[in-house]
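With the hints as constraints, model all of the structure from the sequences given.
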Amino acid sequence: MQDFTISFVEQLPKEIEEKMGRGLTEYAISHGIDVNYTPFALVLVDEKNEVIGVLDAFMSYSSIHIRDLWVDKSHRGKGYGRQLINELEKRFKGQGLHNINTISCAFQAPDFYQKCGFQTEFVRENIQNPKLTMTFFIKYFE
0 MQDFTISFVE QLPKEIEEKM GRGLTEYAIS HGIDVNYTPF ALVLVDEKNE
50 VIGVLDAFMS YSSIHIRDLW VDKSHRGKGY GRQLINELEK RFKGQGLHNI
100 NTISCAFQAP DFYQKCGFQT EFVRENIQNP KLTMTFFIKY FE
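Mind the numbering: the sequence shown is residues 0 to 141 in numbering that gives the first Met the number 0, read in order.
Please note that a few of the clues may not be correct.
DSS-like mimics (lysine-lysine), calculated; alpha carbons at most 25 Å apart, straight line [what the hints assert, rightly or not]:
(1) Lys47 - Lys72
(2) Lys47 - Lys77
(3) Lys130 - Lys72
(4) Lys138 - Lys89
(5) Lys89 - Lys114
Source of the hints: derived by calculation from the structure; they are not laboratory data.
Here it is, written out as structure tokens:
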């Protein structure tokens, strides 16, 4: 075995990230899989041109993964989060994608995702801090 080092980095340098991405893509293609990795966001702006909500996501393989959904605290409970989800579905429905998925901690918005039609795939309990129990959600495109 060769000598090597393992280093911890807080942010992956761009050239290493690109090398890893190429390697992962080549591997997927060798198995007949289209990676189709595309990061994107939906940004909700009010009449004053202020950002009041963001849905940060990426497309990969045949799925969309919501990384984060945020609505400014002064605008919560007014349906803006649901509008971001609806816009996401409208934009990508009929494009050959299989599902939308996301993860929500107990202190975040698991009830919100259920109200938006997401199904619970599984729950990973955090016994040390129940607020950090994670619910994994999925919503299938019809």
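Quick rundown of the hints versus the structure:
For the given pair, Lys47 sits about 16 Å from Lys72 by alpha-carbon distance, which is consistent with the 25 Å threshold. With a C-alpha separation of about 17 Å, the suggested pair Lys47 and Lys77 falls inside the 25 Å cut-off, and the hint holds. For the suggested pair Lys130 and Lys72, the alpha carbons sit about 19 Å apart, so the restraint of at most 25 Å is met. Of the supplied pair hints, the one linking Lys138 and Lys89 holds, its CA atoms being roughly 13 Å apart against a limit of 25 Å.
Simply put, Lys89 and Lys114 have alpha-carbon atoms about 17 Å apart, close enough for the 25 Å limit, and the pair holds.
No hint from the list above goes unmet by this structure.
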